[in-house]
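Number of protein chains: 2
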Amino acid sequence: MHSAISMNKTEILDAALNEFSEGYFGLSDENRRTLLISLSKEYDLNRTQLRELMKQYLELELRTGDKDVDIVHEEEGSFSAFYRIERNLRHSLKPMYEILFERLNTHPGGLRFLSTMRADILSLLMEENLAPLRALDSYLKEKLITWLSPANLQLHNITWDDPASLLEKIVAYEAVHPISNLLDLKRRLGVGRRCFGYLHPAIPGEPLIFIEVALMKNVAQTIQEVLWDDPPIAESEATCALFYSISSTQPGLSGVNLGKFLIKRVIDVVRKDMPKISTFATLSPIPGYIQWLLSKLASAERSTSTFREMLLKPEEENALLDATKELASGKNGMEVMRNVLSTHHEWVNSTSLREALQIPLTRLCARYLFLEKKRGKALDSVGNFHLQNGAMIGRINWMADRSEKGLKQSAGIMVNYIYKVENIEENAQSYFSKGQIQASSDVMAYIEVIIFHQRTSVVNMICTSLPY
Amino acid sequence: MHSAISMNKTEILDAALNEFSEGYFGLSDENRRTLLISLSKEYDLNRTQLRELMKQYLELELRTGDKDVDIVHEEEGSFSAFYRIERNLRHSLKPMYEILFERLNTHPGGLRFLSTMRADILSLLMEENLAPLRALDSYLKEKLITWLSPANLQLHNITWDDPASLLEKIVAYEAVHPISNLLDLKRRLGVGRRCFGYLHPAIPGEPLIFIEVALMKNVAQTIQEVLWDDPPIAESEATCALFYSISSTQPGLSGVNLGKFLIKRVIDVVRKDMPKISTFATLSPIPGYIQWLLSKLASAERSTSTFREMLLKPEEENALLDATKELASGKNGMEVMRNVLSTHHEWVNSTSLREALQIPLTRLCARYLFLEKKRGKALDSVGNFHLQNGAMIGRINWMADRSEKGLKQSAGIMVNYIYKVENIEENAQSYFSKGQIQASSDVMAYIEVIIFHQRTSVVNMICTSLPY
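Line order of the protein sequences matches chains R and B.
Residue numbers for the first sequence follow this note's numbering, so the first one is 616 and each next one is one higher.
Residue numbers for the second sequence follow this note's numbering, so the first one is 616 and each next one is one higher.
One should not assume that every hint holds.
Cut-off 30 Å, straight-line C-alpha distance, at most; resulting in silico cross-link-like pairs (BS3-like, lysine-lysine) [as the list claims (entries may be wrong)]:
| id | chain 1 | residue 1 | chain 2 | residue 2 |
| --- | --- | --- | --- | --- |
| 1 | B | 940 | B | 928 |
| 2 | B | 709 | R | 875 |
| 3 | R | 670 | B | 940 |
| 4 | R | 709 | B | 758 |
| 5 | B | 875 | B | 1023 |
| 6 | B | 784 | B | 879 |
| 7 | R | 758 | B | 656 |
| 8 | B | 656 | B | 670 |
| 9 | R | 709 | B | 1049 |
Some chain R residues well away from chain B (every beta-carbon gap over 12 Å; in silico) [said to hold, decoys possible]:
| id | residue |
| --- | --- |
| 10 | 725 |
| 11 | 791 |
| 12 | 843 |
| 13 | 848 |
| 14 | 862 |
| 15 | 892 |
| 16 | 919 |
| 17 | 950 |
| 18 | 985 |
| 19 | 988 |
| 20 | 1018 |
| 21 | 1059 |
If you're looking for bench data, these hints aren't it; they were derived computationally from the structure.
Quantities reported herein were computed from a predicted structural model and do not represent experimental measurements.
Glycine included, C-beta positions come from ideal geometry on N, C-alpha and C.
So that you can see chain R by itself, here it is in the shape it has in the complex:
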């Protein structure tokens, strides 16, 4: 195995690349680990050379003076020297494993192999977070981003006429709303539906990512409307294109944001094709909501400070306590809520509980989506994805996905993100640079209530804790 890599350093033999990639697939997890770690450590930079170049560069700097502005006006000679060392520096900052990556990229099947290798690196990193492995991963990711630039990808309208081998991939990789049978697949590719995928010439017959679209009269509020509206409306009546599922087929391409370009391309294609369609929206899951809410509730319960956060309004708490007399207990509304949400979704079958939970869960969901951040970006992964692509938060839909998964992730709530063609770039830009999230007035109404509510509690708490 090691000889297969080292051959790659001196020979350009296709055979060696084949041998290497085939050999790799035959390795046990443990041997793959050994190989990847040795690749990351032993085929790294030549740091001696790098250091040498840096010293040369800094000396050159001293000789030609210290002002960048002047350098521009300097004579050809010293000018060229800067460019030359800079070029050499770029070169010497390339790790040796770059050679292997580059060669595999131009080798038949190599890109797919690199994607597999990256998936392995990612799962290794979950176990042990080693610096050289992290560097290997980030380098490979950069390379994949370059190679999979949208200019190299082909948008393909996937239909029932496509080869079964391709459709099989759609069934296998649909990650959001699993496809139950052939009829379900046929419906998703039939009248009133579209499915678009990005194909790369080097990975034929397998979309790297695909998106499912429903053509509708109005923005759907529940996933049931999308998956079970039989028969669908006539396409000529549609005014809305609803993106209800987006799935990536390559775990090794994690962090390579193909979805952004796919959505933009699909919007362009649909607008050109069906000028009557004026709304582009998603019906999206909120994968992190309940997990976040449960931990918020738990920490509020643990806290004995007077500053402890009141997640429920008094009237919400009362309604909840009334509705849960038999089902769950707890010393206050927040504990009851946590208990209700932690059990096996029995609350869904109780009309009174559903009614008692609707307002607080919707309100807290708006807060989660709009206010909760991690490093300046939306905490929710799906939210972050659409916001960075330029969408806004449109509407929060109660009881929109009653599947086991939907109830567990978000108490059945789903959200419509809206892509307004004229604002996409602007939204993406202000989210990217300032973390600013756009939301509809419906959603903002919940937020304003929260901000107001919090402000008054803070005032109360300050009053309480003053020493008189």
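Please arrange chain B on chain R, whose structure you already have, making use of the hints.
Positioned in the frame of chain R, the structure of chain B alone reads:
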């Protein structure tokens, strides 16, 4: 115009990119020059930041000791610091114009635009060889090489059934043997012929490069056999695939060696398709031969030293002087030869002159192809192209191309380069690393004569110049 570039620094607006590229096409040559020079100078590196990072890195080096080997075994912390600064260094070594290139690459029509821009940069460099412009060019070239990696290209078998808009491009860009009319084109795409092109998804309907192939019984010795063999042999009888023309359609992709990958792919496709074909060869022009020979002859004439090189053998010189009594004059064979070759190819119509020239011109051509180097690589550009792709010099063909261009470039001589599937990688490797050229025994026979001949002259000359 400048505002269009500077917008690119802060916004991701497609509109700005469109405006920029459309605006560019509307510019005069002089304004394009101004724009490109300002792009190369004002959107360059941030050298202050780069210097800062280098200092940090070298300090880190001091703190953690001087031995690379030890660093590998060091603890996580300092390890991560190296990787972090290296990543930052890579980033800060990217000139600002990288942003523009990257954005244009993902923008519809952007890749074609970049190729136009590079063509402009190249022609500017022919006029004034400015260092920042050279750096801009070499950076853009590297980017294009990455984006146009063979993994992103599709091999297309171009046939008479292709759209006229694509075939039109073939006619327009065929650079080796111009296509005279529709019938000529149809023949080149008909029985016994193939034409393959590389298409990029971002430049649809226009191959970046294409190659024309003739299926033959034997390796053709003259281009007439290829272009006018009507009717062609039955394809089932073919044992040889002859590459008789390879043309690039994008001057902006100069230096991006797509031809190498195209030839390899075409060999693979033809072998799979027609297992009877065992020989892959070219019939290639020798664009630099006569120019080289004329300057050799001129410098031999000018030289008064006893070391002056004898380019003709005595018997060749006599035969030439006999044959040129009426047509050309000169004080010796070399001067006569130069005069004959400098005139308007009248010698081709004289049987005696053709006979007198055949041996020396063929012999000197073998020397030119096999021995004449520039920076360790074959001096002839077409030769260098095929040798770096792994071919060998097969046969030198007298009176192989009597067109005006053929006579001017190489006195009508053409050469067959042979691609032996089993040696391609090995040849490419030894040419790349050692400048070693492989040639058939036929060609080597001429070389041995030359080496022997030169050796004896040197011996003679040494004897002559010794002081006794």
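Checklist entry - Among the hints numbered above, which are violated by the structure, and what are their numbers in rising order? => result As far as the earlier hints go, 3 and 10 are violated by this structure, in ascending order.
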